[in-house]
Amino acid sequence: GNSVTQMEGPVTLSEEAFLTINCTYTATGYPSLFWYVQYPGEGLQLLLKATKADDKGSNKGFEATYRKETTSFHLEKGSVQVSDSAVYFCALSGVYGGSQGNLIFGKGTKLSVKP
Amino acid sequence: SQTIHQWPATLVQPVGSPLSLECTVEGTSNPNLYWYRQAAGRGLQLLFYSVGIGQISSEVPQNLSASRPQDRQFILSSKKLLLSDSGFYLCACRDNYGYTFGSGTRLTVV
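The listed protein sequences derive, respectively, from chains R and U.
Residue numbers for the first sequence follow our numbering, so the first one is 1 and each next one is one higher.
Residue numbers for the second sequence follow our numbering, so the first one is 1 and each next one is one higher.
The hints are simulated quantities; they were obtained by calculation from the structure and are not laboratory data.
Take these hints with a grain of salt, some might be off.
[Stated by the list, open to error] For lysine to any residue, the following SDA-like pairs were computed, each having C-alpha atoms within a straight-line distance of at most 20 Å:
hint	chain 1	residue 1	chain 2	residue 2
1	R	K107	U	F88
2	R	K77	R	N22
3	R	K52	U	N96
4	R	K107	U	E59
5	R	K56	U	G98
6	R	K60	R	S83
7	R	K52	R	T24
8	U	K80	U	L19
9	R	K107	U	L19
10	R	K110	U	A40
11	R	K52	R	R67
12	R	K107	U	D85
13	R	K110	R	E8
14	R	K107	U	R106
15	R	K49	U	G43
16	R	K107	U	S86
17	R	K107	U	R42
18	U	K80	U	L47
19	R	K110	U	F88
20	R	K107	U	L47
21	R	K107	U	G43
22	R	K68	R	N22
23	R	K107	U	Q38
24	R	K52	R	E63
25	R	K110	U	G43
26	R	K107	U	V60
27	R	K52	U	G98
28	R	K49	U	N96
29	R	K110	U	R106
30	R	K110	U	V60
31	R	K110	U	A39
32	R	K107	U	S103
33	R	K110	U	Q38
34	R	K49	U	D95
35	R	K107	U	L46
[What the hints assert, rightly or not] Distance ranges between label pairs, derived from CB positions:
hint	chain 1	residue 1	chain 2	residue 2	range
36	R	S14	U	H5	32 to 40 Å
37	U	P14	R	S14	37 to 45 Å
38	U	G16	R	E63	44 to 52 Å
Cβ coordinates follow ideal geometry from the N, Cα and C atoms, glycine included.
Please construct the entire structure, taking both the sequences and the accompanying hints into account.
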């Protein structure tokens, strides 16, 4: 079935380090791909998305490129900040018919950035 | 833009007790509504979704039920909680503008 496999955490980095969180997916058709972020005590927020192959989503210094050939959507940031500490979820949607349109999530990766 | 109110933020309940988690949505009408759960070590799993008042679909067999008595109200319930019901519960809304999530409820069944 359709699924998302996400790098296990937790990930601990020093400020200004380079971040990569791996995400691969299994899906029929052409799903849309998302990264969501959950800051402590808050709900999930959309960080970035890509709707077709080779699209690059970007926001707040984070980037992810939709790679159909490797079925991947890895999240990267060149220089993390303490304020980036959160849980990051990779997700896909759009592979179902009908109107339910739910998201399929990875397990989440907890990122801690130390000053 | 839409806003989701979900409460409580944390809840500790004994085994066998009932459960009611409520989610209300503002700023949209006729959205699709979802309940997700994240158990320890697992991803966010879809439990229920609703495309309209009184319309509930269940994704997995379980000890829980859902109801949608009003367009912007979605309730997750159980008559008797099990230890395995512990987890993080998220309500979500989808309309033409995309998805919005509540802040979640951390449920611990003891």
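Structure-based check of all given hints:
About 12 Å separates the Cα atoms of R/K107 and U/F88, which keeps this hinted pair within 20 Å; it holds. Annotation: proposed proximity of R/K77 to R/N22 holds, straight-line Cα distance about 12 Å (limit 20 Å). A C-alpha spacing of about 19 Å is found between R/K52 and U/N96, which places the hinted pair at or below 20 Å, so the restraint holds. Simply put, R/K107 and U/E59 have alpha-carbon atoms about 18 Å apart, close enough for the 20 Å limit, and the pair holds.
A distance of roughly 18 Å separates the Cα atoms of R/K56 and U/G98; the hinted pair therefore holds under the 20 Å criterion. Note on R/K60 and R/S83: the hinted pairing holds, with a Cα-Cα distance of about 11 Å set against a maximum of 20 Å. Under the criterion of a C-alpha separation no larger than 20 Å, the hint pairing R/K52 with R/T24 is consistent with the structure, at around 15 Å. Distance restraint check for U/K80 and U/L19: the Cα-Cα separation of roughly 7 Å lies within the 20 Å cut-off, and the hinted pair is therefore satisfied.
Taking the CA atoms of R/K107 and U/L19, the gap is about 25 Å. The hint is violated against a cut of 20 Å. With a C-alpha separation of about 13 Å, the suggested pair R/K110 and U/A40 falls inside the 20 Å cut-off, and the hint holds. With a C-alpha separation of about 9 Å, the suggested pair R/K52 and R/R67 falls inside the 20 Å cut-off, and the hint holds. Distance restraint check for R/K107 and U/D85: the Cα-Cα separation of roughly 17 Å lies within the 20 Å cut-off, and the hinted pair is therefore satisfied.
Distance hint between R/K110 and R/E8 is fulfilled; the C-alpha atoms sit about 8 Å from each other, no more than 20 Å. Using a Cα cut-off of 20 Å, the hinted pair R/K107 and U/R106 holds, with the two alpha carbons roughly 16 Å apart. Between R/K49 and U/G43, the direct Cα distance comes to roughly 19 Å. Compliance with the 20 Å bound is thereby established for this hinted pair. A C-alpha spacing of about 16 Å is found between R/K107 and U/S86, which places the hinted pair at or below 20 Å, so the restraint holds.
Pair hint R/K107 plus U/R42 holds up; C-alpha atoms about 5 Å apart against a cutoff of 20 Å. Between U/K80 and U/L47 the alpha-carbon distance is near 17 Å, which keeps this suggested pair within the 20 Å criterion. Restraint check: the Cα-Cα separation between R/K110 and U/F88 comes to about 15 Å, which is no more than 20 Å; the hinted pair holds. Restraint check: the Cα-Cα separation between R/K107 and U/L47 comes to about 15 Å, which is no more than 20 Å; the hinted pair holds.
Restraint check for R/K107 and U/G43: the C-alpha separation of about 3 Å stays at or below 20 Å, so the hint holds. For the suggested pair R/K68 and R/N22, the alpha carbons sit about 14 Å apart, so the restraint of at most 20 Å is met. Between R/K107 and U/Q38, the direct Cα distance comes to roughly 8 Å. Compliance with the 20 Å bound is thereby established for this hinted pair. Between R/K52 and R/E63 the CA atoms are separated by roughly 15 Å; this keeps the pair inside 20 Å, and the hint holds.
Using a Cα cut-off of 20 Å, the hinted pair R/K110 and U/G43 holds, with the two alpha carbons roughly 12 Å apart. Simply put, R/K107 and U/V60 have alpha-carbon atoms about 18 Å apart, close enough for the 20 Å limit, and the pair holds. For the hint pairing R/K52 with U/G98, the CA-to-CA distance comes to about 16 Å; that is within 20 Å, so the pair holds. Proposed proximity of R/K49 and U/N96 is supported: the alpha carbons are some 16 Å apart, at most 20 Å.
Distance check on the hinted pair: R/K110 and U/R106 sit about 17 Å apart at the alpha-carbon level, within 20 Å; holds. Among the hinted pairs, R/K110 with U/V60 is inconsistent with the structure: their alpha-carbon atoms are about 26 Å apart, more than 20 Å. As the CA atoms of R/K110 and U/A39 are separated by approximately 15 Å, the hinted pair is consistent with the 20 Å bound. Simply put, R/K107 and U/S103 have alpha-carbon atoms about 17 Å apart, close enough for the 20 Å limit, and the pair holds.
Distance hint between R/K110 and U/Q38 is fulfilled; the C-alpha atoms sit about 14 Å from each other, no more than 20 Å. Distance restraint check for R/K49 and U/D95: the Cα-Cα separation of roughly 16 Å lies within the 20 Å cut-off, and the hinted pair is therefore satisfied. Between R/K107 and U/L46 the alpha-carbon distance is near 13 Å, which keeps this suggested pair within the 20 Å criterion. Hint check: R/S14 to U/H5, Cβ distance near 37 Å, so the stated range 32 to 40 Å holds.
About 43 Å separates the C-beta atoms of U/P14 and R/S14, a value consistent with the hinted range of 37 to 45 Å. Look at U/G16 against R/E63: about 49 Å separates their beta carbons, and that is inside 44 to 52 Å.
Consistency with the previously given hints fails for numbers 9 and 30, ordered from lowest to highest.
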